[in-house]
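> Residue-level listing of the chains:
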Amino acid sequence: DQQVKQNSPSLSVQEGRISILNCDYTNSMFDYFLWYKKYPAEGPTFLISISSIKDKNEDGRFTVFLNKSAKHLSLHIVPSQPGDSAVYFCAAARGVGNDMRFGAGTRLTVKP
Amino acid sequence: DGGITQSPKYLFRKEGQNVTLSCEQNLNHDAMYWYRQDPGQGLRLIYYSQIVNDFQKGDIAEGYSVSREKKESFPLTVTSAQKNPTAFYLCASSIRGANEQFFGPGTRLTVL
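Line order of the protein sequences matches chains A and B.
Going by the numbering used here, the residue at position 23 of the first sequence is 69; the numbering climbs one at a time, nothing skipped.
Going by the numbering used here, the residue at position 82 of the second sequence is 84; the numbering climbs one at a time, nothing skipped.
It is worth saying that the hints were derived from the structure and are not from the lab.
Some hints here could point you the wrong way.
To be verified - These stretches of chain A come out as covered by chain B in the derived footprint (C-beta under 8 Å, 3 or more residues):
no., region
1, 75-89
2, 102-116
Claimed, not checked - Looking from chain B toward chain A, a few residues come up when the C-beta cut is under 8 Å (computed):
no., residue
3, 14
4, 43
5, 60
6, 62
7, 63
8, 77
9, 101
None of these values were measured; they are calculated from a predicted model.
Glycine residues also receive a C-beta, built at the ideal position from the N, C-alpha and C atoms.
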């Protein structure tokens, strides 16, 4: 039962353009969402998060948008850089400090 | 230099043998987690512990066991009862009550 879904296994964009990674969830009890970035042979690293009381959170080139009615969130990277090439995981949790559910990940490739 | 260490990076075992994966953190985090990653799937929670001497099953605990005798250590034993043990195993930790988790580099277990 996949409660968090990332339907695009891969995405390729040109350097300098916008990357948009999408994530859908089914459990309406989720109220905290995170994005993690993972390079090969390394563990995921936390990138950005958003709680359900907001619909947007920005950190430098990274912005996460949350649409609660659609149970959808997206991560925008502007401008994309080759160093952004990695697998991005979306995660969701109920409340604070509870176990999270992860999506399957989207592999982003940014071409120079 | 604070962080999470997992050893070894690669592990090979014969079918029917139990194997223990190490996870140590010096971040002074109360909570620790074990995940399993398979190709095309997100991270799935095996076990988690919010405090020393206490732990809870995650979504796929069957065939695994853990202990939490020290705050900084959370070893995972993959028993012979686990039907498909070959996978990439990730350990994580967090401040108790926080959602952001810090991950180790992972251990790739191959059962021959």
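> If you check each hint against the structure, which ones fail?
2, 3, 6, 7 and 8
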